[in-house]
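These protein sequence lines map, in sequence, to chains Z and U. Numbering follows my numbering, in which position 308 of the first sequence is assigned residue number 308; successive positions increment by one, without gaps. Numbering follows my numbering, in which position 259 of the second sequence is assigned residue number 606; successive positions increment by one, without gaps.
Calculated directly from the structure, the hints in this document are not laboratory data. Among the hints, erroneous ones may be present.
[Unchecked claim] Derived Cβ-Cβ restraints for the label pairs, each shown as a range:
#1 Z:L140 to U:L367: 53 to 61 angstroms
#2 Z:E73 to U:P396: 57 to 65 angstroms
#3 U:E581 to Z:A251: 33 to 41 angstroms
#4 U:A478 to Z:I45: 51 to 59 angstroms
#5 Z:V314 to U:K691: 53 to 61 angstroms
#6 U:Q667 to Z:A53: 58 to 66 angstroms
#7 Z:A251 to U:P450: 42 to 50 angstroms
#8 U:A478 to Z:G64: 40 to 48 angstroms
#9 U:F474 to Z:G127: 29 to 37 angstroms
#10 U:D585 to Z:F337: 39 to 47 angstroms
#11 Z:I45 to U:S477: 38 to 46 angstroms
#12 U:S477 to Z:A147: 45 to 53 angstroms
#13 U:P558 to Z:S51: 57 to 65 angstroms
[Said to hold, decoys possible] Stretch by stretch, here's where chain U covers chain Z in the computed footprint (C-beta under 8 angstroms, at least three residues):
#14 175-186
#15 192-199
#16 310-324
#17 330-341
[Said to hold, decoys possible] Below, in silico cross-link-like pairs of lysine to any residue (SDA-like), each with a Cα-Cα straight-line distance of 25 angstroms or less:
#18 Z:K240 to Z:F337
#19 U:K502 to Z:F337
#20 U:K531 to Z:F337
#21 U:K502 to U:L590
#22 U:K531 to Z:A316
#23 U:K531 to Z:V161
#24 Z:K48 to Z:I208
#25 U:K691 to Z:I208
#26 Z:K48 to U:L590
#27 U:K691 to Z:L246
#28 Z:K240 to U:R690
#29 U:K531 to Z:L246
#30 Z:K48 to Z:V30
#31 U:K531 to Z:S130
#32 U:K531 to Z:N132
#33 U:K531 to Z:L242
#34 Z:K240 to Z:A47
#35 U:K531 to Z:P333
#36 U:K691 to Z:V217
#37 U:K531 to Z:A187
#38 U:K531 to Z:V314
#39 Z:K48 to Z:S63
#40 Z:K240 to Z:L223
Note that beta-carbon positions come from the ideal geometry of N, C-alpha and C, so glycine has one too.
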Amino acid sequence: MLVDSVPEQRAEAAPAPPNRRVVRSVGLLVSVAVLLLVAVASVAIGAKELSVAQVWHGLFADSGTYADVVVDERLARTVLGLLAGAALGLSGSVLQALTRNPLADPGLLGLNAGASAAVVTAISFFGVTSLNGYVWFAFLGAAAVGALVWFLGGSRGATPVRLALAGTAISAALYGYLQAVMILDDAALARMRFWTVGSLSSASDETIWQVLPFLAVGTLLALGLARPLNAVAMGDDTAKALGADLNRTRALSMLAATVLCGAATAACGPIVFVGLMVPHVVRSFTGPDLRWIMPYAAILSPVLLLGSDVLGRVVARPSEVQVGIITAIIGGPVFIFLVRRRRTAQL
Amino acid sequence: MAPRGGVRALRGPGGASVRLDVRALVVVVLLMAAAFAASVVLIGTGDFPISSGDVVRTLFGEGTAGQEFIVNELRLPRVLVGLLVGASLGLGGALFQAVSRNPLGSPDVLGLGQGATAGALVMIVLFSGSAAQVTIGALVGGLVTGALIYLLAWKQGVHGYRLVLVGIGVSAVATAVNGYLLTKADFVDAARAVVWMTGTLDGRDWNQVWPLLWLCLLLVPLVLANARGLRMMEMGDDVSHALGVPVERVRMLLLVSAVLLTAAATAAAGPVSFVALTAPQLARRLTRSPGPNLVPSLFMGAALLVTADWAAQRLFGDGQLPVGVVTGVLGGVYLLWLLVTERKAGRI
């Protein structure tokens, strides 16, 4: 959405006083503990309930019992949830800083539309039917749209509004294409209606290994951008005055966000709201410093994603509700609450 | 305010005067002509082509019996639904954009389309409902969503910015519900749902024309009567309050009208994307007039939708792809054009 910056984000990232830093560090440790708990829950809870002892046995003394097999299955799903969640949170943080828009998310730049259009093309025109086959198409689709948005947005002269407008425009055209293919090709509709909601249930070791290198590179790149993006968030002129290389920072941010979100979407389908909401919530207690926002977002996003996944397995037993649906149903109300709470909301 | 070229004031006896924007008037007349021409061509298009001359003759009651049947019973209602839906979406979009003071504040973005879709999908997927039931479901879904967005955005008045953001949140939840319903549907229902979700005029008859026509006849004069207040409100709440506009009352009235128009249009044809977004913007560029451009947007919407339906039939063959595909792609092209021209002009 074309919503311009809010004043709170322009505020300078003042060095935190020592006691605040301690509080933040402790908070980070607590977040890690919560994440571990959710991860264990994600392995233990499902159509078949496992005790913590069974989970432990399956993880560290695998002897091929039925419970151990269940643990193996759920482990892949949990690991993918951890990785994809962290990637979505990080790419959201980067995009919000890059576009100076607290509501930016990967959908805004057309990455989801690109991935979806590529997957529907793969199904309809190349006859790809395996989920592992989709991964590369989805990733290439997201990457191609990322590059196109960057180019149309003016590459070196890209501004937040131009990038958002280019992303919205490309999304619109691609969704038109997507719907046309789904109407004309029954096979595409049969598969796409499950892919587009976003799910972790198809996770396998193979998927994880396919996307892992991209996630690793993207994460390192994103973390390295924290400091320059802090400067960019203060406005172009201030950033220049502070010696930040605007063009290089923008190009690298776009690259990092595309790689992270593209890989996550390739593995799980388009999952909305995690990348939008978590950095937004995190910012409300860390302040605008990306060096704190990023680690918090990378830890709390998987908490939301895995928590939603567990919830989706529980609410409609023995069937399950896809994680992308749960994140939106939880995320929507939280988002509205945040919007209502904000004091000054000027366009 | 400095006088602008093309704006005339007609002065009558006793000091009465009417402000007349010549350019806007010309644009409205041209758009009406375009909508009429596109309608005539669209009526003539199909498995049994009829020349434009014959279409016009038949419309005035001078055609053969066969032509009378095809035009009046089969194709005219479809075109009328298209015109009315386009007009409602154009006017509704202009109202939303003016009230939210955001060029992206269209019903697509605010989630009205998604809410109406949720209502329709419940009918299609859970009840395998008839066309009439789907229409009612969509209408209820759209109205409930509109009320929900208004209530959730209310906090000592409805601020345009908050309205857009709350709309985005509601829209995301509705999208998730729609995705879930689609995964739960059996295949035939899913195929029907996807066509409905894209927006289509296929199979529309007189039953859809009348309710839409009455609603437009009721709401359009009401909206235009309050347009003066809307013009003031574009300057901000405080200024318009000082100028004597009852801001919250006018805003509520116009929003309710916009929701009704959009929900009725969506119920009749599905959530046809981008007409509500682009019609007001294109109208504004043609009239070069600031302000909400309500009447030009209305006719622009009608002309756009009928032209897009004709293009869908000509490009893909009869009954192959619905009009929503064309408006979606057109919307994307329009935004790209906007991007390029605004960049050249150095505005963004």
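Item to check | Pairwise beta carbon distance, A251 (chain Z) to P450 (chain U), judged against the given window 42 to 50 angstroms | outcome: Cβ of A251 (chain Z) to Cβ of P450 (chain U): about 28 angstroms, so the range 42 to 50 angstroms is violated.
Next on the checklist: Need the status of pair K502 (chain U), L590 (chain U): alpha-carbon distance at most 25 angstroms?
Outcome noted: holds (23 angstroms)
Checklist entry - Given a hinted range of 33 to 41 angstroms, is it respected by the beta-carbon distance of E581 (chain U) and A251 (chain Z)? => result holds (38 angstroms)
Checklist entry - Regarding the pair K531 (chain U) and A187 (chain Z), is the alpha-carbon distance no greater than 25 angstroms? => result The hint holds at about 16 angstroms.
Checklist entry - Does the structure keep K48 (chain Z) and S63 (chain Z) at a Cα separation of 25 angstroms or less? => result Status holds; Cα separation ~18 angstroms.
Checklist entry - Is the straight-line distance between the alpha-carbon of K48 (chain Z) and that of L590 (chain U) 25 angstroms or less? => result violated (67 angstroms)
Next on the checklist: Tell me if the straight-line CA distance from K531 (chain U) to F337 (chain Z) falls inside 25 angstroms.
Outcome noted: Since the Cα atoms of K531 (chain U) and F337 (chain Z) sit roughly 30 angstroms apart, the hinted pair is violated (cutoff 25 angstroms).
Checklist entry - Keeping to a limit of 25 angstroms between CA atoms, is the pair of K531 (chain U) and A316 (chain Z) held or broken? => result Holds: K531 (chain U) and A316 (chain Z) sit about 12 angstroms apart, inside 25 angstroms.
Item to check | Given hint L223 (chain Z) paired with K240 (chain Z) - CA-CA distance at most 25 angstroms | outcome: With Cα atoms ~21 angstroms apart, K240 (chain Z) and L223 (chain Z) stay inside 25 angstroms; holds.
Item to check | Hint consistency between K531 (chain U) and V161 (chain Z) [alpha-carbon to alpha-carbon, up to 25 angstroms] | outcome: Outside the cut-off at roughly 38 angstroms; violated.
Checklist entry - So the hint says 29 to 37 angstroms: do the beta-carbon atoms of F474 (chain U) and G127 (chain Z) match that? => result holds (35 angstroms)
Checklist entry - Is it true that A478 (chain U) and I45 (chain Z) lie within 51 to 59 angstroms of each other by Cβ? => result violated (43 angstroms)
Hint violations for this structure: numbers 4, 7, 8, 10, 18, 20, 23, 25, 26, 29, 30, 33, 34, 36, all remaining hints satisfied.
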